[in-house]
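Participant: Could you slot chain B onto chain A? The hints should help.
In the order they appear, the protein sequences are chains A and B. Residue numbering for the first sequence follows this note's numbering, starting at 1 and increasing by one per position. Residue numbering for the second sequence follows this note's numbering, starting at 1 and increasing by one per position.
These are calculated hints, taken from the structure and not from any lab test. No experiment lies behind these values; they were computed from the predicted model shown. Mixed in with the good hints there might be a few duds.
[Stated by the list, open to error] In silico EDC-like cross-links for lysine to aspartate or glutamate, where the CA-CA straight-line distance does not exceed 16 angstroms:
1) B:Lys450 to B:Glu408
2) B:Lys360 to B:Glu276
3) B:Lys352 to A:Glu38
4) A:Lys371 to A:Asp443
5) B:Lys352 to B:Asp443
6) A:Lys352 to B:Glu38
Number of protein chains: 2
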Amino acid sequence: MSAIRGKIAGRTLGAGDRLPSIRSLATTMGVSPSTVVEAYDRLAAEGLIRARRGSGFYVSPTVTSPLALTEVEPRRDREVDPFWVSRQSLDADAAVPKPGCGWLPPEWMPEAALRRAARALARTDASVLTNYGSTSGSLALRRLLLTRLAEDGIEASINQLMLTGSGTQATDLICRFLLRPGDTVLVDDPCYFNFRALLRAHQARIVSVPTTPSGPEVTRFEQILGSERPRLYITNSALHNPTGATISLQTAHRLLTAAAAHDLTVVEDDIFGDFEPERSPRLAALDGLNRVIRIGSFSKTLSASVRCGYIAGRADWIEHLVDLQVATSFGGPSPVATEIIANVLAGGSYRKHMDELRHKLTRTRRDVARKLQALGIEPWLTPRGGFFLWCRLAGGQDATTVARAALEENVVLAPGNVFSVSQTAQNFMRFNVAHMSDPQVWDVLRRALKGTPRTIGA
Amino acid sequence: MSAIRGKIAGRTLGAGDRLPSIRSLATTMGVSPSTVVEAYDRLAAEGLIRARRGSGFYVSPTVTSPLALTEVEPRRDREVDPFWVSRQSLDADAAVPKPGCGWLPPEWMPEAALRRAARALARTDASVLTNYGSTSGSLALRRLLLTRLAEDGIEASINQLMLTGSGTQATDLICRFLLRPGDTVLVDDPCYFNFRALLRAHQARIVSVPTTPSGPEVTRFEQILGSERPRLYITNSALHNPTGATISLQTAHRLLTAAAAHDLTVVEDDIFGDFEPERSPRLAALDGLNRVIRIGSFSKTLSASVRCGYIAGRADWIEHLVDLQVATSFGGPSPVATEIIANVLAGGSYRKHMDELRHKLTRTRRDVARKLQALGIEPWLTPRGGFFLWCRLAGGQDATTVARAALEENVVLAPGNVFSVSQTAQNFMRFNVAHMSDPQVWDVLRRALKGTPRTIGA
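For reference, chain A alone in the conformation it holds in the complex (with noise of 0.2 angstroms):
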């Protein structure tokens, strides 16, 4: 491999150039055949030079042009919309502080149980490894996915749960079979801002109703209902995103006496749910999943890489969200991906690692919260777990002036407005406080704050 990559880099061999046949190359360099066709097949794997079939090997005609790297970074100049916080914060380097972000650091998360399951995969049936899963998902990892719903006090037959290709994807189903283009759809004020790309997406008109420390302002969620009729309300009732809030027993009742007024179907995102020191009220388990569709994913607390969500809700709706996830993915999440779950669940690490978790973030969240204070940046709510912190800026500054302004310094920060519907949350941030602990997210958070960002190379 070197002696070819030597002769490219040194124009003895040029663009489109035909290499030496696997037998003459063998014999010049005193080894076999293989050990040439291997070498070939990692070159050309690698893109430096093409086979092309019954007639050898020639160096590739774009050998001369790499990759320009300003290709693959992520642009700056976007729009400040509900995909500005994915986009940047997805697409950044890994050395990127993130304060902005949805997950957990890498060492945050049960990596040694991570990689056992790897190591037990590798071990696995081919079929496993080979072939599609289930049309429902792993029946392994449902039948552990009933017991956890147990535990929530949501009773559900194995036929009234599926598995999805992710937390989003579940949502994105749910609104497919639910939605035609127009329907109303009713969200908190703030929400997780991949709501309201995904409604767009589904051309939904969104309404939205303003969150209190202990859910949805109900009085105004009911005129909402009356008056709206949205068809569909999407929220996370346990540790919500952003504010941190969760549903009292008493607004999760009159929510759902008013949901069964008005027919109304609502989807409850359970996805922090085990960040909670203990369990709040959950709305699928008063409504007995009857107008309540349960939804959940992994990615918070186990994997965001090893993508696998799942959905509860009544056993007819379910099937027909099969049916339409068979349409549109061919099937379930990947078996390779619910092997690796199911492995770390049922291996008994996954209660100490979230205990674990639990009380490392109360540490952090009061850490963050006493730094922010000093700023002059003050959290609406001590939350109750969970790595959120929704705060209010000083004096009116406009969070996304101060997040453009971190971001030309390389820091990812998540402004108020990504998460409004109503746009009112100009004065707001949300804040990571896992993604806390590098001086430099506070040496930018300062300069940007002050409006006084350093100029780019400066």
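Facilitator: Structure of chain B alone, referenced to chain A:
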């Protein structure tokens, strides 16, 4: 664990009973408390017992009603519609022979390379195991794909290529981007049944053009473009599913000329391309990714479990499609999946695997064709590659009736009309030659053809 299991089985502990405290059981058993914690956690993960936070462990209330098997078996009474083959073949037990399915058996896949890739995964960076991927998917895999596209004569830049959750998701994203409910879409007749299911989900109006051994009937294609004004044409130009037909250069040229005249966008699904003995013309290569969008995946050649597809097309369209994938899936395919696929592709053994696979399939197609002919089942075409034989049954036999009879004897077949928009393939059947080595398949097929299926239990 076995002590607790024994007590539950023997009814010493009943549903809802509290388990001994960790400390007391540790003392009784003479083990450490951490051993008891781990045993309880594993039993909880299995669903036999449940943890209540802060209050100990209890026997599950559902412990006396284990999952009935009938709940998880695929239903047989389903309508024979475009979902029929997917449902029956995805959800059937591994032991059920599936000559109707659209993938290769595990022993035909590169199992050793996949196991190596899983072992490498266990040693990779923690961020690959725990983080979301970038919005366009792994840069390493996209670079490998650019090389492979170039071998097909498709020169694309990195911002013309995105990874998706699967090949089906690639098609789905394109439909979401380009179609509105009621738009007309053109497919081949016959075509891959899931195109029909997918387009139904998009509420598209579906029209079809007859397939010939050298691609779509091109005069009819031109007429349909004039009269029906389809927005999109979805096809496999190489080793078409289900017929095995391959487009000729002349047909490709006329097709693209008509497409330009009527501003038609073409989705070329190249999923079977790697099974060709030598490369045939590609619409995407002729067109230069202008109005042709190329999609593909690794499900047929490398692994259907490790979910990943791709889209190559106009850079401005890819940018929108990436946003749409963020909104609906929060990013591209799992980094775990792309790491495994890139590892196998870059390892250099993939080309050899495909060479062997092609030779094995050539022999198998010939042997199966001969055996089918002995039953009066005639291949419509002798395909240049791949694993399908599209065949006409003898004497006007109805393929749906034959498939239903075979299913009663636990063999999944693929009757012609699930592939046919015009419902004119009632005498055709698609056979997957790699799933026909079991003599039971031939016994069942013979009986089903005779119209005398064995009754259940006989």
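Participant: With reference to the structure, classify each hint as holding or not holding.
Facilitator: Structure-based check of all given hints:
| no. | hint | in the structure |
| --- | --- | --- |
| 1 | B:Lys450 to B:Glu408 | 14 angstroms, holds |
| 2 | B:Lys360 to B:Glu276 | 13 angstroms, holds |
| 3 | B:Lys352 to A:Glu38 | 9 angstroms, holds |
| 4 | A:Lys371 to A:Asp443 | 12 angstroms, holds |
| 5 | B:Lys352 to B:Asp443 | 35 angstroms, violated |
| 6 | A:Lys352 to B:Glu38 | 9 angstroms, holds |
Hint 5 from the list above is the single one not met by this structure.
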